[in-house]
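S.K.: So the chains spell out like this:
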Amino acid sequence: ARRGGKRRALATPHVRALARKLGVDIDEIDGTGPVGRVTEEDVRRFAEGGRGLAVEPD
Amino acid sequence: MVVGDIVEEVEVLVIGAGPGGYVAAIRAAQLGKSVTIVDKAELGGVCLNRGCIPSKALISAAHHYEAAKESPFPGIETTASFDFKKVQEWKQSVVDKMTGGVQQLLKGNKVNVIQGEAFFTKPNEVRVMQENGSQRLQFQHCILATGSRPIELKNLPLGKRVIDSTGALSLDHVPQRLVVVGGGYIGIELGQTFAKFGSQVTIIEGLDSILALFDKQMVRLVEKNLKKYNVQIETKALAQGVEETEDSVKLTYKDKDGNEKTIEADYVLVTVGRRPNTDEIGLQDAGIELTDKGLVKVDQQCRTTNPNVFAIGDIVPGPALAHKASYEGKVAAEVIAGKPSIVDYRCIPSVVFSDPEMASVGLTEEEAKKEYGQVAVGRFPYAANGRATALNATDGFIKLVANKENGVLVGAQVVGVEASNIIAELGLAIEMSATLEDIALTIHAHPTLGEMVMEAAEVGLGEPIHIIKG
Amino acid sequence: MVVGDIVEEVEVLVIGAGPGGYVAAIRAAQLGKSVTIVDKAELGGVCLNRGCIPSKALISAAHHYEAAKESPFPGIETTASFDFKKVQEWKQSVVDKMTGGVQQLLKGNKVNVIQGEAFFTKPNEVRVMQENGSQRLQFQHCILATGSRPIELKNLPLGKRVIDSTGALSLDHVPQRLVVVGGGYIGIELGQTFAKFGSQVTIIEGLDSILALFDKQMVRLVEKNLKKYNVQIETKALAQGVEETEDSVKLTYKDKDGNEKTIEADYVLVTVGRRPNTDEIGLQDAGIELTDKGLVKVDQQCRTTNPNVFAIGDIVPGPALAHKASYEGKVAAEVIAGKPSIVDYRCIPSVVFSDPEMASVGLTEEEAKKEYGQVAVGRFPYAANGRATALNATDGFIKLVANKENGVLVGAQVVGVEASNIIAELGLAIEMSATLEDIALTIHAHPTLGEMVMEAAEVGLGEPIHIIKG
Ligand SMILES: Cc1cc2nc3c(=O)[nH]c(=O)nc-3n(C[C@H](O)[C@H](O)[C@H](O)COP(=O)(O)OP(=O)(O)OC[C@H]3O[C@@H](n4cnc5c(N)ncnc54)[C@H](O)[C@@H]3O)c2cc1C
Ligand SMILES: Cc1cc2nc3c(=O)[nH]c(=O)nc-3n(C[C@H](O)[C@H](O)[C@H](O)COP(=O)(O)OP(=O)(O)OC[C@H]3O[C@@H](n4cnc5c(N)ncnc54)[C@H](O)[C@@H]3O)c2cc1C
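Residue numbers (the working numbering), protein chains in the order written: chain Y, 229 to 286; chain F, 14 to 483; chain V, 14 to 483.
I should point out that these hints are in silico values taken from the structure, not numbers from a laboratory.
Just to be clear, a hint being listed does not mean it is correct.
Stated by the list, open to error - Restricting the straight-line Cα-Cα distance to at most 25 angstroms, the calculated cross-link-like pairs of lysine-lysine (DSS-like) are: (1) 237/V with 120/F; (2) 263/V with 352/V; (3) 229/V with 167/V; (4) 53/V with 82/F; (5) 249/Y with 417/V; (6) 417/V with 352/F; (7) 120/F with 352/F; (8) 237/V with 98/F; (9) 237/V with 167/V; (10) 99/F with 82/V; (11) 306/V with 482/F; (12) 352/F with 249/Y; (13) 417/V with 382/V; (14) 173/V with 110/F; (15) 123/F with 46/F.
What the hints assert, rightly or not - Here are the computed distance ranges between Cβ atoms for each label pair: (16) 293/F with 379/V: 27 to 37 angstroms; (17) 383/F with 90/V: 47 to 57 angstroms; (18) 293/F with 243/V: 41 to 51 angstroms; (19) 351/V with 273/Y: 35 to 45 angstroms; (20) 482/V with 292/F: 52 to 62 angstroms; (21) 273/Y with 387/F: 28 to 38 angstroms.
What the hints assert, rightly or not - Partner residues aside, some chain Y positions facing chain F, computed with beta carbon under 8 angstroms: (22) 249; (23) 263; (24) 264; (25) 265; (26) 273.
Being a predicted model, the structure only gives us computed values, none of them experimental.
Ideal Cβ positions, reconstructed from N, Cα and C, are used throughout, including at glycine.
Next up, chain Y with everything else stripped away, as it sits in the complex:
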């Protein structure tokens, strides 16, 4: 299901898992990979930037 009507990030399962591990909301990240895929790098960079939001269950 979509959350808050916003588009879900294009990212592979392990990148999504990494985002959870680092406590960031992957849907907030602008992907730099092909077709805008969020890469592992993107997630790490975003997490270091401290703009992370903890994922909260619906």
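Knowing the structure of chain Y, use the given hints to seat chains F and V with the ligands on it.
M.R.: Only chains F and V with the ligands this time, still in chain Y's reference frame:
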């Protein structure tokens, strides 16, 4: 044992040992938890004992019988006969092997297994009713995985000759005449199997098509095969009631024109859906709320409204499929072990082991249009594939659906031989956000059915090699 | 037509209409080029006429015969007999269907087809020898795709009873005794097929194992099946010479202990490799250089040392496989049409249609260790998979190999039923740089063979569900 005497403490309690529960138990144990699993019946749940496994064993036996009865290969003459009792014995041996495997796995992972029926007495306690008494278990965390059971229709009460899927799977003979009420995947899989073994089968379906969740063009190929076995299909038909006698049963139904009709058969198989086992386990005593459909309310981590209790599988929303149950089981176990897992799939494949097989994952073309506006579609026929031709199995097609804007695959449908295996790549593609170009540029071995996936992607990109551009 | 009279101008000339050439021709035409294709024999090349397609048709007929001759399903009794002439007729009908398809595709894409043998006379000109004369074609660009032919050994000259794969595929009867010299994939596929049809087969292999390019544990399962058909395997054996008589042939060979032995058979099938067709097409006159192995030197865009000539398929380095030829064909066509394509695959799957099937893609465990140092390996057996059990086909395993550092999949091997289809997902996974976690978190349908892929990934991650952690 004296009733209610002692309260045993368990770290993680799993209720129900189906593909949801036993997988959850194993994962939790792997992550260092001390786990107890309770089931009132056999290990493996519906799936291994009365669902996926026995049905697929009978389907593959019927397929083998049929392939030998009518050789599809010119130059190869074959004959076939069967002894249904022995087929059933073999099916049972398959089931026993799988459930024996589950027992080994639970043991190997040091999961404590209790046979008994559990119900909540408090938010953190259950009572387990056993053959010779009962016991109380207090848990730190509980995973609820009690699954589902067939819906019984008031006007078609089960009896000797009115049976559900469990009854059909354990028949010791092939009925001469079988009426199937409900043309969903379970009804079609079982109806087609008995038709192959020689039953005269009639399917009564309320909607305007059997297998209504699937693409009409896919269903047409299954209908074509059903016709080969003289299976009668009545759509928009409404079962009214049954009348059982000693050696037959009469079903009355309204056909699509509203005419009342009666059909006589040896058995009426009712497969009109399943209902969650959420009604007799004391959920209210544990503070666990249900949705208005009677399913357990859960969050993204499978947590119920009782924060220490998780629920997975057929009792929670989503498709009632074994692989969904197992996936959720892992999530729940990981959350309990402190991991940040959530239910985070992009797609769940669904497979029908009809003849030909059907499989679907992600969005259909119509759904994708609603979601993304413009879509790119690539369709490729089995008839243009070398492997399918060499297998003499050219009925079928693959259809890929992509978001036109970025080319990302969002759905796929397959009908034809081995659809159940072809769909695996497409599920991974969706999870990986692969584009049609990613798929088209991936070398697929020749001559294999997988080439069709690559070619369908090329069709979607407007550059088909093995079909003429329309 | 008078020899050498006129010079016709063509935009893109493709020489050879195998899976390399005909695919290149179609793609070039799609991209707006005016294309002429020349072949001295049938459209479809070796692959469709004397390779992939006829061999797989015979294999599937043999499989069907065998499955009915010895029913693997308790309770289902079957018998089987065959008429090999009719089997061959059917095989030919499959080939005709596929080559007819290629003809249609070329026509549909407006490719001009010429039957004749081409050789270069200048860097931008060929002469095409036809039945009734010849013609000269001047091209802007040329794609060379002349393929390969069986290697003939000096001491085993082809004859009435010493045959190559083409001869074996067109036998009109099943030989009583067949000796196969060369236990590569072609020898094993054909040897096992004839063994299933009842031939007494002996395989003479020079290396210490048949199918030497594959994992020993995979090969073991094929050897086990070969034993079932009384196939004798002589490894480290060296064929010395043959002596043909009217109704038999004697092969002399040195066995692994150096002892000279003689074996009598109806036919000796020589499958010791293939050589590129680069020797009789006047490459020197076109400034096209060869490697020391006699293959055409090409750059990443399939361009030869003559900048207007491209070469693809079996005549260039890399595995001699149809899907590699087609891939390169598309690249060459796209480059000619001005696109920035290059040969840029991460992996090429290879499949052996043995029984059980074998498939491999990317690196083996040993290769990966050399490349990456530390690797993570996940192995999962068919015997622990529900679908395999319901199919009564539990011999086999899946092995995934990942770079330990980042978890990225770098190779996969599969042996077992439907390996040819299972490998597709793994090829895509490698191309997408999927990690073991990506695969493990992708829901695979139950009960399907694809679940083994997911489970092997979980094994690689140290969290197996359906096998006990070792
Ligand atoms: C004929 C048929 C064919 C099917 N084919 C497929 C298929 O091909 N693929 C697929 O994905 N799905 C298939 N399904 C659906 C699949 O079986 C279910 O989705 C799956 O079994 C759900 O798993 P679960 O773990 O949620 O529950 P279940 O498998 O239903 O297991 C629940 C377990 O809980 C136990 N239990 C219930 N209440 C209690 C209690 N109070 N105390 C203790 N134990 C309790 C039950 O005894 C049972 O063992 C099929 C179903 C049927 C009927
Ligand atoms: C028994 C057997 C089984 C095989 N099984 C498989 C398999 O399962 N999977 C797989 O991937 N590969 C398989 N192969 C290999 C596969 O057939 C080749 O890799 C593939 O055919 C190579 O394609 P190509 O286009 O390079 O050349 P080819 O298919 O060899 O085609 C070359 C064409 O060029 C024509 N030609 C040659 N010289 C000239 C000339 N001077 N003028 C005009 N025309 C000319 C020939 O007539 C021919 O039609 C098999 C091969 C054999 C022998």
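S.K.: Now tell me, hint by hint, if it's right for this structure.
M.R.: Verification of the hints:
1. 237/V with 120/F: Not satisfied, since the Cα-Cα distance of roughly 32 angstroms exceeds 25 angstroms.
2. 263/V with 352/V: Cα-Cα ~56 angstroms, so violated.
3. 229/V with 167/V: violated (31 angstroms)
4. 53/V with 82/F: Between residue 53/V and residue 82/F the Cα gap is close to 43 angstroms, so the pair fails against 25 angstroms, i.e. violated.
5. 249/Y with 417/V: holds (19 angstroms)
6. 417/V with 352/F: Distance of about 22 angstroms is within 25 angstroms: holds.
7. 120/F with 352/F: holds (24 angstroms)
8. 237/V with 98/F: violated (31 angstroms)
9. 237/V with 167/V: Measuring from Cα to Cα gives roughly 33 angstroms; hence the hint is violated.
10. 99/F with 82/V: Since the Cα atoms of residue 99/F and residue 82/V sit roughly 18 angstroms apart, the hinted pair holds (cutoff 25 angstroms).
11. 306/V with 482/F: violated (40 angstroms)
12. 352/F with 249/Y: It holds: about 8 angstroms lies between the C-alpha atoms, which stays within 25 angstroms.
13. 417/V with 382/V: holds (10 angstroms)
14. 173/V with 110/F: Judged against 25 angstroms, a Cα distance of about 52 angstroms means the pair is violated.
15. 123/F with 46/F: Answer holds: residue 123/F to residue 46/F is near 10 angstroms, not above 25 angstroms.
16. 293/F with 379/V: 27 to 37 angstroms: For residue 379/V against residue 293/F, whose Cβ atoms are near 57 angstroms apart, the range 27 to 37 angstroms is violated.
17. 383/F with 90/V: 47 to 57 angstroms: holds (52 angstroms)
18. 293/F with 243/V: 41 to 51 angstroms: violated (60 angstroms)
19. 351/V with 273/Y: 35 to 45 angstroms: At 37 angstroms between Cβs, range holds.
20. 482/V with 292/F: 52 to 62 angstroms: violated (38 angstroms)
21. 273/Y with 387/F: 28 to 38 angstroms: Taking Cβ atoms as reference, residue 273/Y and residue 387/F lie about 32 angstroms apart, which means the hint holds.
22. 249: Status holds, d = 6 angstroms.
23. 263: holds (4 angstroms)
24. 264: With a closest approach of 7 angstroms, the residue 264/Y hint holds.
25. 265: holds (6 angstroms)
26. 273: violated (19 angstroms)
Hint compliance for this structure: hints 1, 2, 3, 4, 8, 9, 11, 14, 16, 18, 20 and 26 are broken, all remaining hints hold.
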